[in-house]
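Asks: Below are the chains, spelled out letter by letter.
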Amino acid sequence: MVVTLDPKLGEIVLLSLRVSVSSVALAGVFALPLGAAVAVAEFPGKRGVVTTLNALLGLPAVVVGLAIYLLLSRSGPLGAFGILFTPSAMVIAQAVLVFPLLAALTRQVVADAWGESREQLVSLGAGTWTSAFALLVDVRYTLVTIVLAGFGRAIAEVGAVMIVGGNIDGVTRVMTTAIALETSKGDLPLAVGLGIVLLAIVFALNIAATAIKDAAQRHHG
Amino acid sequence: MASRPPSSLLPLVLDDVSFAARGRTILDRVNLTLERGVRTVVLGPNGAGKSVLLRVMHGLISPTSGSVRWSAREAPGAPRRQAMVFQRPVMFRRSVMGNLRFALEVAGVPRAERGGRAEAALDRVGLSGIAHQPARVLSGGEQQRLALARAWMLAPEVLFLDEPTANLDPGSARAIEAIVQAIHDAGTKIVMVTHNLGQARRLADEILFLHGGRLCERSAAADFFHRPATAEAAAYLEGELPWRLTAAA
Numbered sequence: 001m002v003v004t005l006d007p008k009l010g011e012i013v014l015l016s017l018r019v020s021v022s023s024v025a026l027a028g029v030f031a032l033p034l035g036a037a038v039a040v041a042e043f044p045g046k047r048g049v050v051t052t053l054n055a056l057l058g059l060p061a062v063v064v065g066l067a068i069y070l071l072l073s074r075s076g077p078l079g080a081f082g083i084l085f086t087p088s089a090m091v092i093a094q095a096v097l098v099f100p101l102l103a104a105l106t107r108q109v110v111a112d113a114w115g116e117s118r119e120q121l122v123s124l125g126a127g128t129w130t131s132a133f134a135l136l137v138d139v140r141y142t143l144v145t146i147v148l149a150g151f152g153r154a155i156a157e158v159g160a161v162m163i164v165g166g167n168i169d170g171v172t173r174v175m176t177t178a179i180a181l182e183t184s185k186g187d188l189p190l191a192v193g194l195g196i197v198l199l200a201i202v203f204a205l206n207i208a209a210t211a212i213k214d215a216a217q218r219h220h221g
Numbered sequence: 001m002a003s004r005p006p007s008s009l010l011p012l013v014l015d016d017v018s019f020a021a022r023g024r025t026i027l028d029r030v031n032l033t034l035e036r037g038v039r040t041v042v043l044g045p046n047g048a049g050k051s052v053l054l055r056v057m058h059g060l061i062s063p064t065s066g067s068v069r070w071s072a073r074e075a076p077g078a079p080r081r082q083a084m085v086f087q088r089p090v091m092f093r094r095s096v097m098g099n100l101r102f103a104l105e106v107a108g109v110p111r112a113e114r115g116g117r118a119e120a121a122l123d124r125v126g127l128s129g130i131a132h133q134p135a136r137v138l139s140g141g142e143q144q145r146l147a148l149a150r151a152w153m154l155a156p157e158v159l160f161l162d163e164p165t166a167n168l169d170p171g172s173a174r175a176i177e178a179i180v181q182a183i184h185d186a187g188t189k190i191v192m193v194t195h196n197l198g199q200a201r202r203l204a205d206e207i208l209f210l211h212g213g214r215l216c217e218r219s220a221a222a223d224f225f226h227r228p229a230t231a232e233a234a235a236y237l238e239g240e241l242p243w244r245l246t247a248a249a
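Here the protein sequences come in this chain order: S and W. Okay, so the first sequence: first residue is 1 according to the numbering used here, each after it adds one. Okay, so the second sequence: first residue is 1 according to the numbering used here, each after it adds one.
Simulated from the structure, these hints should not be mistaken for laboratory data. Treat the hints with caution; some may be incorrect.
Here's a subset of chain S near chain W, in silico, CB distances under 10 Å, partners left out [as the list claims (entries may be wrong)]: (1) Ser-117; (2) Arg-118; (3) Leu-124; (4) Ala-126; (5) Gly-127; (6) Val-139; (7) His-220.
Every residue gets a Cβ at the ideal spot worked out from N, C-alpha and C, and that includes glycine.
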């Protein structure tokens, strides 16, 4: 079935990719600069922020799903947008889920780079944001790995998209929710097929991340 | 560029500057005035506080007590008028050219001027041929020349150097010394820490001798090497450890 590319399967895989790429892009735009700024800036309560970010790494997907569900439900504060049970809701939920991961890992990597080059940057007269962005550029190959890790987390999670997407056939059904459903229905071939595709994507991502890092290491030392 | 030239940063006055970390005194009531023109070399045994003194002057760390006063204020956010070269050069994961362009960008140099100024800077330190190589794969000597080019390119009034040749072979060290001399000749005040007495003899106009965090002796280079005024300086010059001298006394 994987080989003959069942159109239904193709649709599910494409939606999965679309939702997870969008969510990582959305989260990354904010999480990367924030992580870098937290690494570089000195402010009261920094320790607390760092501890919170690190603690949120273990954020359970179903809890994120539930929180976003409450926000987006008809009677919730954002209910007027009417996006519950749409791919947009799934993008938001996954973005919230991967945001702490992206921000915490970015902060760690930038903090290490900052330790090495703080004196040089201060000597040159670079302020907090200039330093933060310069260091993001400096660790760009590691950021690729971090973003791919975020994508891996997003595309593999089932709890959040199940709750806010509703697993509606042809609308919000993604690989993980389809696997959960088909398995419980007993349609194991489709579940296994999707499982193989999901595994292949996650493997390919990790191979790509390693290759990019190695190449960068060789080039830049 | 500016309608009137900014008044000079120098002289720099250190007034009773002390620095302590984790209960240990690293600088102990240093009083000092640095004038323009002369090349100042800071000598002293390990742990005397030489590097910390440089960092306090350059503003990388704040003194625990006392004050560091420049004759002109460097406005926060304005391009810096002093630069520092470290023992281990810090290069970013960019090309040689990219590292220089970044420093010019931070200094507020318009984009159109950056390329020309960076190329001129590379030319002066003899690195023109490797402008497009990644900076971090250069040899230690080349990276230090690049660090000097980066500092010099910004035309600082004062250049601090913290043991710039400590990790380099003698050939590379001489190349660095020649560049430091050229930067001095171009009108920049040089303040350098070194452990290399030969280098100090070659480059110093005046010596600041630190010992145990105190400014123990300050004299013209020729006087310091021939007639050190303090027993600590004499012992240092002989390669003696001060505690042996006191134990013998």
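Asks: Now tell me if each hint is right for this structure.
Replies: Okay, the hints, checked on the actual structure:
1. Ser-117: It holds, given that the least Cβ distance between S:Ser-117 and chain W is near 5 Å, below 10 Å.
2. Arg-118: Hint holds; S:Arg-118 Cβ to chain W Cβ min 8 Å, cut 10 Å.
3. Leu-124: Holds - the Cβ of S:Leu-124 comes within 10 Å of chain W, reaching about 5 Å at its closest.
4. Ala-126: holds (5 Å)
5. Gly-127: Since the shortest Cβ distance to chain W is 7 Å, the answer is holds.
6. Val-139: holds (8 Å)
7. His-220: With a closest approach of 4 Å, the S:His-220 hint holds.
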